[in-house]
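**Q** Next come the chains, spelled out residue by residue.
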Amino acid sequence: QKEVEQNSGPLSVPEGAIASLNCTYSDRGSQSFFWYRQYSGKSPELIMSIYSNGDKEDGRFTAQLNKASQYVSLLIRDSQPSDSATYLCAVSVSGGGNKLTFGTGTQLKVEL
Amino acid sequence: GAVVSQHPSRVICKSGTSVKIECRSLDFQATTMFWYRQFPKQSLMLMATSNEGSKATYEQGVEKDKFLINHASLTLSTLTVTSAHPEDSSFYICSARSGQGAIDEQFFGPGTRLTVL
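Residue numbers (this note's numbering), protein chains in the order written: chain A, 1 to 112; chain B, 113 to 229.
These aren't lab readings, by the way, just hints derived from the structure by calculation. Remember, it's a predicted structure, so these values are computed and weren't measured experimentally. Beta carbons are placed, not taken as given, at the ideal position from N, Cα and C, and that holds for glycine. It is possible that part of the hints are untrue.
Below, a sample of chain A positions facing chain B; criterion: calculated Cβ distance under 7 angstroms [stated by the list, open to error]: (1) Ala-17; (2) Ser-43; (3) Pro-44; (4) Phe-102.
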């Protein structure tokens with residue numbers, strides 16, 4: 001079983017719609033959760049971090065964490081073509097030296 | 113804030129040569145830096161964790177004698193790929209973590225694309 005799992009996609013949504021990206025993780029000791037955006041040929045860019053159960057909103061982005069279900073998601077409201085990228089879910093385990101374990105990423109395509 | 117730079121951004125070298133990649137935190141002191149490798153269509157794979165003033169910790173399967181890491185200061189870590197071969201061609205990305213607070217966010221450099229001929 002992979003430690004961090006994501007659907008590879010592509011996930012296609014029309015412009016203006018809500019894009020929902022999902023991630024599950026296997027280690028119950030995971031403490032910190034991150035969403036990174038990666039454009040083709042570029043390095044990852046931190047979008048959101050979340051540490052406690054519930055929702056965290058930042059502009060058009062909302063991260064949701066459910067530790068009981070070992071599930072973290074990212075919602076992108078009013079999707080724009082510029083949001084088209086690969087979204088990487090990353091998880092850090094307490095006492096793990098702050099190492100991040102990445103999922104394989106979900107490719108998002110926002111269509112005009 | 114939290115800007116990380118890498119140099120060079122792209123390098124092409126002949127098989128058997130060594131290549132050094134620099135990673136710098138520009139506006140903060142990074143107690144820990146991480147080196148990743150990413151092959152096409154794949155996710156980031158952690159190669160090693162670099163702590164200032166101490167030896168790097170390598171992930172399983174990563175040859176420490178081939179991938180030399182030096183973290184001589186709080187703002188600079190270097191990765192040297194020794195005796196590079198075509199299979200080492202990849203996108204190498206560093207990240208840096210500030211020692212401030214409990215938040216363990218990592219900020220990534222722009223990456224170095226290595227092509228070994």
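**Q** Which of the listed hints are not met by the structure?
**A** Hint 1 alone not satisfied by this model.
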